[in-house]
Structure formats: structure tokens, C-alpha cells
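Residue-level listing of the chains:
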Amino acid sequence: MSDYQYDNQTVKGFIVSSIFWGVVGILVGLLISVQMWKPEMNFPPLFTFGRLRTVHTNILAFGLGVGAIFGLSYYILMRLVKRPLLFPKLARVQLYLFNVGILLGGVTLLLGMTQSLEYAEFEWPIDIAIVILWVMFAVNVFGTIIKRREEQMYISLWYIIATVIAVAVLYIVNNLSIPASLTKSYHLFAGVNSANVEWWYGHNAVGFVFTTPILAMFYYFLPKSTGIPIFSHRLSIIAFWSLVFAYLWTGAHHLIYTPLPDWIQTLGIVFTLFLIAPSWGSVINGYYTVGSDWSKMQTNYLTKFFLMGITFYGLQTVQGPTQGLRVVSQLIHYTDWVPGHVHMGTMGWVTMTTAASIYYVIPKIYNTEIYSEKVANIHFWFVLIGQLLFSITMWITGIQQGALWKAVNPDGSLKYTFLETLTRNYPFWQMRTVAGLIFTVGMLFFIYNVYMTMRKGKALASTTA
Amino acid sequence: MEEDLDNIEAFEAKDTGRKLPVGWLILFWGLIIWGVYYLVSYTPSISGWSQSKAYEDSVRK
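Chains A and B, in that order, give the protein sequences.
When you line the first sequence up against our numbering, it's residues 1465 to 1929, in that order.
When you line the second sequence up against our numbering, it's residues 551 to 611, in that order.
It is worth saying that the hints were derived from the structure and are not from the lab.
Be careful, since some hints might not be right.
Said to hold, decoys possible - One side only, chain A facing chain B, incomplete, derived with CB under 8 Å:
#1 K1546
#2 I1609
#3 I1610
#4 R1612
#5 S1645
#6 F1695
#7 H1697
#8 R1698
#9 L1731
#10 A1741
Said to hold, decoys possible - In silico BS3-like pairs for lysine-lysine, Cα to Cα no more than 25 Å straight-line:
#11 K1870/A - K603/B
#12 K1688/A - K569/B
#13 K1546/A - K611/B
#14 K1879/A - K611/B
#15 K564/B - K1870/A
#16 K1546/A - K1611/A
#17 K1476/A - K1553/A
#18 K1879/A - K1688/A
#19 K1870/A - K1546/A
#20 K1870/A - K1476/A
#21 K1688/A - K564/B
#22 K1922/A - K1870/A
#23 K1838/A - K1828/A
#24 K1553/A - K1838/A
#25 K1546/A - K1648/A
#26 K1879/A - K1476/A
Owing to the predicted nature of the structure, the values given are computational and were not obtained by experimental measurement.
Each residue gets a CB set at the ideal place from its N, CA and C atoms; glycine is no exception.
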């Protein structure tokens, strides 16, 4: 049928790299979860909580997340435009640079080199490398789309385009800084401006790394793996444009009750609440799609991954905006509720959907079937239970923390000391480590399954060649 | 290795492809109307509300 050769090697390279960085990031996550309740597990100066926490977030967001996004976006892109990448060699160089960059990024964070901006901790030389990496990605994505052999652009392509543009703008602007030396720089913006730009970036990193590219995967791999067409193309397009229109205004909801001018906070809250509509546009589109043939939940093992993923996306996009409301923010802001919220998104939506996409792609690339659907089902239940336990535990302790902080005596003095509010978290933090372990075991089943599928595929290839 | 090309039409349902569910439209417009209300109520230069005034009120109680 096809006379083109898709560049599967680069796609595979990105997937394997992202899984590798995923393992590193998850193990670091487990260690820092222990450090929260067992201080002896800090090994100064390199392996303390303060340094490892940034390694955890950056390696998972940029290593696991962006790595998978590069690989799977290329996979989706080539198939939807019906042609190979315009610059396959450039994509290969991008793969190598990506791994060198993540390695350097992780090591410099361990050494304590940081810009002290959340999710933008990498110092300026690494930032430059990341910008070069992103330009390579952009050149290939746009070049390939311009030279496409299919007129109509499916919704996944729009989400990929939004990812490329938005991340470029956000990353460059927030990382503008004045270098003082090779390893130290100062943010170009000062005081409240710095905070505002930082959270404009920080929140949209969530929007354009953990949302738009994952929706591109969802809209592509759900119909591909189930054979059911997307319920409404029109709904997907309207949801897309309203999402990208609203997202970039929402960052100020991270700065409720701060010196940021009141009107900016209010504006941020308004756009944040509006975001429920486009997010739920994708959620109900997913549900109506699978709803046209529920038997797929039983007959196709990937359906439940995608449906559970979009379910957590739906919950996340109601919980998140609710947190933006002043009355809710004053209780849960700065508490452990927030990591509970973030991990529902990353473990429940992003990792679930990405893993399902990889399950679909790897057998296709190796021209074989998945090694074991049973192992995939075990993986599903472990990560689901681990994630739920993690999120719920953190929500409970977050509300407790917020309530203790806010409790005052009749004379207006605080009822509890900071230490009292802290030690009450210990049992919940211990439970979180258990939850993390369950999730990690699930991910090990996933990796084992992917590895065995690759081995099976290689064995097949060598016998037929 | 050969691979079938994607058929773009297979991705989009023909009978429901242009549907916008009513419930979703209510949510969409409802949030816009709520947004206008909230913006008016909590913008200091429009309604006179401010973060610091709200705080002082809560302390006085």
C-alpha cells in the first residue's frame, strides 16, 4: 500500500529515552517522598530534598514528558500528513541532543545550579540548548506540515502546532535572564513582575506540555486503537480554539492573595473557570466516542486506558479551576493538596494516556502484537490504585494543613505552631510513599511489557529477513 | 515494512461529526456569563472591592 518509509527509528529512540528518564524521575520521586518523613534519607550536599525535588519535576516533565511528546508527535505527524519527516537527519540529531541536554540538566540541578524559578530551574546554558532543541522540533513539524500530502488537518495536528508555538514563547520569555557567570543568572523581571511572568509560564507549561500534546495523542490513538471515529469533529475544533485562547491568561491564579494587582488576579480567575468548557469538550467527546460502542471496553485492552485518562483529565480540569477561586485558594494554597492535584494530572491523565499510546505504537513499529495484554491490565490497575491513593491522601492532609494554619485563638493569635501542623502530615506522607511504590510497580509491568514486545519484534524481524 | 496509510475520514463520525451537545453549550455560555459577573464584582476600579478591604472586613468580624 505504502511507498514511503516512515522514520520509525527516531520515534523509537525518543520512546525508549523517555521511558529511561521516566524510571530515573520516578525513583527520585520515591526517594524524596521518603525524605519528607525520614530526614536521615537526605545525603548532603547532592542528594538532599531541595535539590532532588527539582530533579524529580524537571526530569519527569522534560525527560519523560517532552521525550514522549517528541517521539509520539512525530509518529502522529507523519501518518496524518502521509509523508515522512521533511528532515529525518535533523530529528536524529534532536534525539541525541535531547538526551545530552536532560543528562546535563539533571546533573547541574544536583550540583545546585538553579534559576530558582519553579519548572524553569535549568540555568541559562541549558536553556539555550533546550531552545535549540525546540527550534529543531518546530522546523521539522512545520516543514512536514507545509509539505503534507493530505489536505485536511485532523485535530491532533492542531494540538501539536499549539504545543510547538506556545512552549517556544513561554520558555523563551520566562527564561530571559542576565548571566552573572556560566552557572548563575538573574531573572530579567523583578519582584511581582518576575512572579507574574513565572506563573504565566508555570501554568502554561501544564497547559502546553501536559495538556495539548496529550490531547493530540488522545484524539489520534483512541480512534486508531478502537476503530471508533471521534464523536464530533466540530466539537473537537471549537474546544481546541477556546482552550488555546483561554489558557494563556490563567497563570495569575497561582498568585491569589499576593501583591499582584487585584484586577490581574480576578482576570486570571475568570479565564481559569472558563477553561472548564473547552476541557470538558474533549472529555464528553471521548465519552460519546467510546459510548457508541461500550463493548470495546472489554474487547480492546487500550480503551480503558484512554477512557480512564480522559476521566482524570475531566476531574483535573474541574478541580484546578475550583482551586483558583479565592475562597478555595485561601484554604488549600501552599498545602499538600496541590501536589495531590498535580499528581492526579501527571499520573492519572498524562502517564496513562502516554503509556497507552506507546502500547499502540511499539507493536506497530515492530510489526507484531503486544507481548501480553494480561500484563498491561495488571499495569493499569496498579497505576490506577497507586495514583488514587496518592492524590486522595494528599487532599486530606492538605485540607488538614490549611485548617490548622487558619485556626486562631479569640485574641487573634495562631492556635497551632508550624511544627504542630507539620508533624500531623507524617502518617499521610508515609502513605504517599506506599502509594508511590504501588504506582512504580505498575510502571515496571509497563516497561517489562514494552521490552518483551520489542524483543518479540526483533526475533520476528531476524527470522523473516 | 509496509503500513496502511491513515484514512482521515475514518477518524471522524459521519452522522454526529457536526454535533454540539446542548449540555456542553450551556456550560460554555454559562461560564462566559459567570465570567462577566465575576469580573465586574471583583475588579477594584469597577465595583470598589479589593483584597485588602476584604481582609480588613474579615478581621473586624
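Going down the list of hints, with the structure as the test:
1. At its closest, the beta carbon of K1546/A sits 6 Å from a beta carbon of chain B; the interface hint therefore holds under the 8 Å criterion.
2. Interface restraint check for I1609/A: the shortest CB-CB distance to chain B comes to about 14 Å, outside 8 Å, so the restraint is violated.
3. Annotation: interface hint on I1610/A violated; nearest CB of chain B at approximately 18 Å, more than 8 Å.
4. Checking R1612/A against chain B by beta carbon gives a least distance of about 11 Å; that is not within 8 Å, so the hint is violated.
5. At a threshold of 8 Å, the smallest CB-CB gap from S1645/A to chain B is about 39 Å, leaving the interface hint violated.
6. At about 5 Å, the closest approach between the beta carbon of F1695/A and any beta carbon in chain B falls short of 8 Å, and the interface hint on this residue holds.
7. A least Cβ separation of about 4 Å between H1697/A and chain B falls short of the 8 Å threshold, and the interface hint therefore holds.
8. Below 8 Å, beta-carbon pairs count as interface contacts, and R1698/A has one with chain B at about 5 Å; its hint therefore holds.
9. With its C-beta approaching chain B no nearer than about 7 Å, L1731/A sits inside the 8 Å limit, and its interface hint holds.
10. With a cut of 8 Å, the hint placing A1741/A at the interface with chain B holds, because the nearest CB-to-CB distance is about 4 Å.
11. Using a Cα cut-off of 25 Å, the hinted pair K1870/A and K603/B holds, with the two alpha carbons roughly 19 Å apart.
12. A threshold of 25 Å between alpha carbons decides the hint, and for K1688/A with K569/B the separation of about 21 Å falls inside it, so the pair holds.
13. Our distance criterion of 25 Å between C-alpha atoms is broken by K1546/A and K611/B, whose separation comes to about 67 Å.
14. For the suggested pair K1879/A and K611/B, the alpha carbons sit about 18 Å apart, so the restraint of at most 25 Å is met.
15. At roughly 55 Å between alpha-carbon atoms, K564/B and K1870/A are farther apart than 25 Å, so this suggested pair is violated.
16. Distance check on the hinted pair: K1546/A and K1611/A sit about 10 Å apart at the alpha-carbon level, within 25 Å; holds.
17. Taken as a hint, the K1476/A and K1553/A pair is honoured in the structure, with Cα atoms around 14 Å apart against an allowance of 25 Å.
18. Of the supplied pair hints, the one linking K1879/A and K1688/A is violated, its CA atoms being roughly 57 Å apart against a limit of 25 Å.
19. As the CA atoms of K1870/A and K1546/A are separated by approximately 58 Å, the hinted pair breaks the 25 Å bound.
20. The straight-line distance between the Cα atoms of K1870/A and K1476/A is roughly 51 Å, outside the 25 Å bound, and the hint therefore fails.
21. At roughly 16 Å between alpha-carbon atoms, K1688/A and K564/B fall within 25 Å of each other, so this suggested pair holds.
22. At most 25 Å may separate the alpha-carbon atoms for a hinted pair to count; K1922/A and K1870/A exceed this at roughly 60 Å.
23. With a CA separation close to 19 Å, the supplied pair K1838/A and K1828/A stays within the 25 Å bound.
24. As the CA atoms of K1553/A and K1838/A are separated by approximately 38 Å, the hinted pair breaks the 25 Å bound.
25. Proposed proximity of K1546/A and K1648/A is contradicted: the alpha carbons are some 45 Å apart, above 25 Å.
26. Proximity of K1879/A to K1476/A is assessed by CA-CA distance (about 56 Å); at most 25 Å being required, the pair is judged violated.
Hints 2, 3, 4, 5, 13, 15, 18, 19, 20, 22, 24, 25, 26, counting from the list given before, are not met by this structure.
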